[in-house]
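J.: In the order they appear, the protein sequences are chains A and B. For the first sequence, counting from 1, position 206 maps to 244 in my numbering; every step adds exactly one. For the second sequence, counting from 1, position 326 maps to 364 in my numbering; every step adds exactly one.
Incorrect hints may have been included.
The calculated SDA-like cross-link candidates involving lysine to any residue, where the alpha carbons are at most 20 angstroms apart (straight line), are [said to hold, decoys possible]: (1) A:K177 / B:E158; (2) A:K304 / B:R42; (3) A:K90 / B:R42; (4) B:K177 / A:T43; (5) B:K90 / B:R338; (6) B:K90 / A:S98; (7) A:K95 / B:T100; (8) A:K90 / B:K90; (9) A:K62 / B:T103; (10) A:K63 / B:E158; (11) A:K62 / B:L104.
Derived list of chain B stretches under chain A, where covered just means 3 residues or more per stretch with a C-beta under 8 angstroms from a C-beta of chain A [what the hints assert, rightly or not]: (12) 300-308; (13) 348-356.
Because the hints were derived from the structure by calculation, they are not lab data. Keep in mind the model is a prediction, meaning the values are calculated, not measured. Each residue gets a CB set at the ideal place from its N, CA and C atoms; glycine is no exception.
Protein chains: 2
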Amino acid sequence: MFNRTMYELGSHRSVIRELFEFGKKRAAEVGADKVYDFSLGNPNVPAPDGVKAAAEKLLSLTDNTLLHGYTSAQGDATVRKAVADNINARFGAGVSPDFIYMTCGAAASLTVTLNALREEGDEFILLAPYFPEYAVFVKAAGGVPVVVPFDPETFAPDLDALEKAIGPRTKGIIVNSPNNPSGTVYTRETLTRIAELLSQANARYDRHIVLIADEPYRELVYGDAEAPYLMNVYPDTVVCYSWSKSLSLPGERIGYIALSPRLCDKEGVYAAVCGAGRALGYVCAPAMFQYVAAACVDERPDIEAYRRNRDLIYSALTEMGYDCVRPDGAFYLFVRSLEADANAFSDRAKNYGLLIVPGDSFGAPGYVRISYCVSHDMIERSLPAFRALIDSYKK
Amino acid sequence: MFNRTMYELGSHRSVIRELFEFGKKRAAEVGADKVYDFSLGNPNVPAPDGVKAAAEKLLSLTDNTLLHGYTSAQGDATVRKAVADNINARFGAGVSPDFIYMTCGAAASLTVTLNALREEGDEFILLAPYFPEYAVFVKAAGGVPVVVPFDPETFAPDLDALEKAIGPRTKGIIVNSPNNPSGTVYTRETLTRIAELLSQANARYDRHIVLIADEPYRELVYGDAEAPYLMNVYPDTVVCYSWSKSLSLPGERIGYIALSPRLCDKEGVYAAVCGAGRALGYVCAPAMFQYVAAACVDERPDIEAYRRNRDLIYSALTEMGYDCVRPDGAFYLFVRSLEADANAFSDRAKNYGLLIVPGDSFGAPGYVRISYCVSHDMIERSLPAFRALIDSYKK
């Protein structure tokens, strides 16, 4: 009656969503103030004021058949120009509006790119720890995910393992920095080394492995950390961007795909991107929020609020004895589980009202992800629970 | 370097888009007043005032992290309830909000449904004349399109041919009434007969063929014509809806999938729908326009404007000698080509500034589609060109 693979994907929600639903139920039972939900990556910092101003201005001044009408499949031309200008002003990447494709958010950027690239037998490398949906998207596009482990001291990829994983069937690699779930920002040295390994493989196998830079957290970098622009590090790069976090618009599904001017056969890849968007049913990205994003391309939410959250939870947890690497970006803390099985640890944490996501589906068993895109107040209130949790392992 | 199928889909645009792009170029050369573009189905009637009011109210009164935040993957619960209530009040269909899935528009409704249903070797029946993207969506989902011809007197499906086309591999049939490209509204008699043929096949092959009702034009019905609600005609029905035309919001990509309460194993199909949405990268439908659509679920644009256009162009063209069936819905007129090859006819029409789409890709060679969702004034100004075109065949 239906497709079994799709049924499995739909009936077994992601572990993140399961925890989130559990939290809502639990809050109804014991009170919302006794549930500390660190499960979802849903920004709690509001969109910058410019978003509301831009939306109101568009609604009152733009002819409504234009505002809400179809744009070109690849996105409105003025919007694509605004995006390219912004990329070029910030990173000097030399991107052309003709190689920008507006999308319904980061997930769509990835599924469209993967479907555009995937040929029979192609492998795509995922660097653990990685966002679990990557594996779903690669398989749904007909590709084979190949997972590379990480260095537990830094959460950077294990470069020796990466070298071994790249083979004649490697079509692409997804690089996500700042990283979900670890909050790590890969250093320029790490990225340069990844680029070298890819270039060597390209020469060896006479192909062009595509670096897919998944960048929803690009703007969320704290302190002095630097997040190099990947087009400037490796020529065959496709950037998948979203305004979900950078403008706090996750529900509006608005993002883009940008092809590097140095990407091999970029005309062909761009046509395949347009074709994949068409085949998956993405007629165009939501029109009004294309215009809003273009108007707000330099706006940011209150990123300092996330930094303050990071400082609070990182300091408090390490002081209590939790083991974690200080994250420089995104809004996640990746903590070593207090027992070998992170699922058992996550279950025990529930008894203290703490909803934290086991790392197994991120390709990192033995860890849990804590999303700190929550109120500062909730983090403060949750600290006794974190203390009780670690104490329970000392008895 | 890329997927060849996607490349072909992206580099050969649909013939509709090609004509539209030609029109823009031609207008720059000879003046916009000398190009009569009847190519696109882009509503020219503005969204009802309620849309702007609802959007402004949401922007000013709703907490912006809620307004722009993720909704559940299946759509916000209050929105799904509003949709189900509306369907039930109008059609008594007994739909549950738990079997509504909000989508990024009609195309997404279809690709998600097709991917959810498709198993190895499955065929999907398309009733000519049909929207060309149906074939793209079926193939991209891994299915096999099977085209059934039509009765040229009524543009209703040839029911004998349909009976022969239904076989043991038939998984579904797409029914689109009011129809793009013909404007035909299938009669209750026709729909009942289709339902009977499906039910007989279900008994014969011990399966449940799914009727996929693609309903973006449901609200655009003129005069006394009736468009029966398909859930009430056949039990195994999935409705794919969009507000693109019914609220004039085509660029905002907002619609839904509704499963009939009588659909076989609807829990399984719904899970597969959720899984397909996930696999294709549809995280949730655009949040703010979910709320706008729910607030405006009973609003309509000025449908009389389309009726006036229909009356003008239908009367004028038949009076001149063009051969066409009077459309009762949507905003298309499907006219018999004045020569065997509708592509040659469409090309000749260009010389008179008339952009009309050859019917070959709709599964109906020998016809052209005229979209009359344009200004009444442009239709009036175009009439001498239509006359000159038909006269050119009399010389």
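J.: Hints numbered earlier in the text: which of these fail when held up against the supplied structure?
T.: 3, 10, 13
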